[in-house]
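Protein chains: 4
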Amino acid sequence: MIRVGIIGYGYWGPGIARNFHGLPGCELSMICDKSPESLRRAKQAHPAVTVTCDANEVLTSPNIDAVAVITPVWTHFELAKTALQNGKHVLVEKPFTSTVAQAEELIELAAQKHLMIMVDHTFLFTGAVKKIRQLIEADALGKLYYYDSTRVNLGLFQHDVNVLWDLAPHDLSIMDHLISAKPDVVIATGQSHLNCHEDVAYLTIYFGNSVIAHINVNWLSPVKVRTTLLGGEKKMLVWNDLEADEKVKVYDKGVDIKGGENVYDLLVSYRSGDMWAPKIEQAEALRVEARYFIDCIEKQETPFNDGAAGLRVVKLLEAAERSLKERGKAISV
Amino acid sequence: MIRVGIIGYGYWGPGIARNFHGLPGCELSMICDKSPESLRRAKQAHPAVTVTCDANEVLTSPNIDAVAVITPVWTHFELAKTALQNGKHVLVEKPFTSTVAQAEELIELAAQKHLMIMVDHTFLFTGAVKKIRQLIEADALGKLYYYDSTRVNLGLFQHDVNVLWDLAPHDLSIMDHLISAKPDVVIATGQSHLNCHEDVAYLTIYFGNSVIAHINVNWLSPVKVRTTLLGGEKKMLVWNDLEADEKVKVYDKGVDIKGGENVYDLLVSYRSGDMWAPKIEQAEALRVEARYFIDCIEKQETPFNDGAAGLRVVKLLEAAERSLKERGKAISV
Amino acid sequence: MIRVGIIGYGYWGPGIARNFHGLPGCELSMICDKSPESLRRAKQAHPAVTVTCDANEVLTSPNIDAVAVITPVWTHFELAKTALQNGKHVLVEKPFTSTVAQAEELIELAAQKHLMIMVDHTFLFTGAVKKIRQLIEADALGKLYYYDSTRVNLGLFQHDVNVLWDLAPHDLSIMDHLISAKPDVVIATGQSHLNCHEDVAYLTIYFGNSVIAHINVNWLSPVKVRTTLLGGEKKMLVWNDLEADEKVKVYDKGVDIKGGENVYDLLVSYRSGDMWAPKIEQAEALRVEARYFIDCIEKQETPFNDGAAGLRVVKLLEAAERSLKERGKAISV
Amino acid sequence: MIRVGIIGYGYWGPGIARNFHGLPGCELSMICDKSPESLRRAKQAHPAVTVTCDANEVLTSPNIDAVAVITPVWTHFELAKTALQNGKHVLVEKPFTSTVAQAEELIELAAQKHLMIMVDHTFLFTGAVKKIRQLIEADALGKLYYYDSTRVNLGLFQHDVNVLWDLAPHDLSIMDHLISAKPDVVIATGQSHLNCHEDVAYLTIYFGNSVIAHINVNWLSPVKVRTTLLGGEKKMLVWNDLEADEKVKVYDKGVDIKGGENVYDLLVSYRSGDMWAPKIEQAEALRVEARYFIDCIEKQETPFNDGAAGLRVVKLLEAAERSLKERGKAISV
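Chains as they are written, first to last, in the working numbering: chain A, 1 to 333; chain B, 1 to 333; chain C, 1 to 333; chain D, 1 to 333.
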């Protein structure tokens, strides 16, 4: 029985709590939040769980084996570090940390203590991403050409981070999960309109082998868009996460090109065939992830969304942030 | 009666010919193309019009007042220059020229000769763009925040240019028409996958007053997208050119922000109200533009899509091309 | 403080319980279901509420003021009758009863006992239906021409009723709420394919003043559709309940007709103007209805969705059922 | 060389003319229309073709082998009859004739004269219908459950017929082409709002083997809908003719039902699998049909869309019209 404590019961915490609650092999033991109103909601939803406004109660309790850190990003490092120092496994909300240095320190600490770090890259547990990864692993798309994601909506404005740190971690963690090539250079542009934090941002990531990724994040869009295009040599794919039923569509479309002696002899032919929307697993991603967290602890296995995965995302965010501040300067990673 | 000759009867030329044909005050006199097959099609569609494979026949004919240059971009300069030297007004397919220097030389030549240059920025004559411009001029959107366009589809690959020069002129000319601020810096990223020409490209354009524009062009997308988001302080707008009926949607959505003493006191409130899709004029854009071309010649007026407008677009393209070749280096314009 | 007991904790009961729970002025006192598994779920969600498998405990408890009957339709009459006889107000799941005679008996009994009947026509409490009713009351649509609803999806098959009794009550109650004219004749067609219950059905309802309503319900559709068209003399409206944001669209479209001396002189002109999607209230319909139920009891007011409203729907269902069994025979109502 | 004359150059005639023009083995010889304006348009589009306002010129010309009758339905019989009497094959615009008796007389006359009748059921030549028919012939859908079509838009109002005769022939001819079972009973409801012609109508057609068809046609809809659902035991299909690329979607969805001893033991399980959008042939339907018309004449073959097919549609229209006038009375066919 893994006893779990949760620190942070704001926007995302209740979902975490609901999914750990009643999970076989797991006991939701304690919930912590600084806000009395949040604690009241926690108590109402989970009458049997101890609530507290003092994070140290969770971090030092001998009755807790693992701590979920579901707080603003600038607090992740201190909370996760203390949890690890007190011998607790940690699940950390994305993005893992504010800096690469912090992430590296936590990874090292966990290694020393033989503890597990999992970073909450929830999207990796959705049926859509799992299906796309299967398709890529089965080489259904062929050599990958590009990854292009648009993630825009109105709000949610964060006080402590810009739109890059708020929305791009989703895309970066998915990209990291799907693309085996290594990122090479990051270029980010964007603008702030309402305060000092950028509310629109555009990222390009060059990879070593002519794969290119592009991410468009925006807090000021009147319409919500969650669409990712993946182009490959054999097939192309559109993932629209707002579709109820057909989230992933695989197109038997592409280009065949036959070079002649010079560029003007190019013979380009378009291929346009069937479209296919595979059935997507419907299970709640957060429930699957909670199950995986408990299982990895019990079996002493390293999760694929471990600290190293979190670090790779933070590296890209840090590079993107630097690029953004210098109006698109190319930053190597 | 303005007598018009057309050079180039490939993909776009037939539309030009059809729209000049039968236009009151205009006579479609000659069509030129190097390809016998294209000339055969021209003859079938316009039995009464002289066809020729020799551009000089059009350029030097005493019976022609204006020449439409509807050929690959690398030929625009020579053809337009000769036409102007022979005293003919010119309508030049977008993009105007291959270089800024060429555009400037043509503009100067036309001024000396008291001839008119019009650049075929067809989208400026669509009901959608006209309506958006009206809304901006009436300050319906308020202070502009961003312009974000996605223009992707499968093909059409060009032998002589990359996706930037093929698709982005549409967005750049529309942006130039709608945004009164001046572009400041251009950053372009992209990648080629099939030959030496980039088939995906992403542009960011910084303007002086915190307006930011972003353009996503892609020849390798399995789905066709033609969507532009415009965010403003008062209202936000989505233009989906693929919608049959409701191309432009205006959202009474936005953010109100009240700053406190420090950044953590920010009070952000979202505004979410009605959506409104104004009726869009249905007339064929190319017909409206053809009419405007003839009228401007007759009235000796300078069109808004004149050589200077064409030059502004070429300047941005040239800067974007430089940026693209240097992996996103910021280029001032 | 109104003390509420719920009978039936299957598909719809949990939503009812959740919305009465914690409602000011209301106490959720007891939940009854015959299934031990349902009671286990009830207990988990509402630890403080008494659960029982014996409906009579709820129906006769002196500590209960109102009973929500959320059971299969063939049980409504007996349960509601006993509740009323025991002096309790009732909220009855739609459709109200299996027969017109039952509905009339319950209405009379409630009148004698000075008790309230509310029928759970939940859709009447949605933002969309409220907005449409406002538009009609403000005469925004003009004289109504037709009401045409499509409500199709895969499943949910019911053992005890056909698709007509399962899905059409939604449309009939909405239609009853929106259209002031009285229904005149009902014609229903349909077919069963898997067992004796019809799984597709089509209803036409003629009204006195040339309004016509049509309802298409289907349990065997691969795609889910929830779309209602309302045509009026001035404006037309589309309500797509599956749209996240723009559920109701009002079109300034229509037909102007000028009659000449004979039918061949008709001068028809189409009007096509702006489209407008008014902001729709987002509150959960069931919560609003629960609030209204408690308020009506406290203020001793008659709800608009009272037994008489439930009876009108059952009359139409009974007529439609007769018509369906006789392959579309016109049945007067 | 088959020499074709066209009578009627209004809405549909120009498309017919354009597709016969230049078709190998065919010569477009004459175009007739009563309207001088229509003849002017015909002359402009086809300078080499003789135009006339006198139908008899076409009907009696020794230089014409086949006549396309593209006129209002009430004129079809007389024109087609005269054409046949003069030894000419006929292509008749849908619906074939105004009455069953007329259709039967024309069929008999053609048989006597060894001439061909083709009825212009254009949709049967679209890539979408051809693909659906292939799927049905390959038993991909399994036993057919229902056919449900919605064909609504604003206008086009006809002076001489109601919405049933205007729009339903499309669906009836497609249904006739796809469903091998024989129609049994027709029930039609509807209403007129602007003049004496019904502008909305709803048809149900019962077939012998529990297949049911339903057709919703409406001239007063603010939105255009062209959607047909086909439900089968194995698979279900949605044909949305307004989709640019994925017109036909095949769903691996359905219901498996296992009956127990009584109805309450029914075990219903839903099947929900992949969706698949087969590539649809893009050729213009009217061009394919024109080709087929010429080929059938040359090879002396009977087309599948012959007079008998036209008659089957007229029989259903006549029955539906009778049913409509008697408010949904069931009419056997």
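I should point out that these hints are in silico values taken from the structure, not numbers from a laboratory.
The model shown is predicted, which means the values in this text are computed figures rather than measured ones.
It is possible that some hints are incorrect.
[What the hints assert, rightly or not] Pair by pair, the computed Cβ-Cβ distance ranges are:
no. : chain 1 : residue 1 : chain 2 : residue 2 : range
1   : C       : LYS234    : B       : LYS224    : 20 to 28 angstroms
2   : C       : ALA140    : D       : GLU37     : 38 to 46 angstroms
3   : D       : TRP74     : A       : LYS224    : 33 to 41 angstroms
4   : B       : ALA283    : D       : GLU37     : 54 to 62 angstroms
[As the list claims (entries may be wrong)] Some but not every residue of chain D turned toward chain B, in silico, with C-beta under 10 angstroms:
no. : residue
5   : GLY15
6   : GLN44
7   : ASP245
Ideal Cβ positions, reconstructed from N, Cα and C, are used throughout, including at glycine.
- Item | Numbered hints the structure breaks, given as an ascending list | 1, 3, 4, 5
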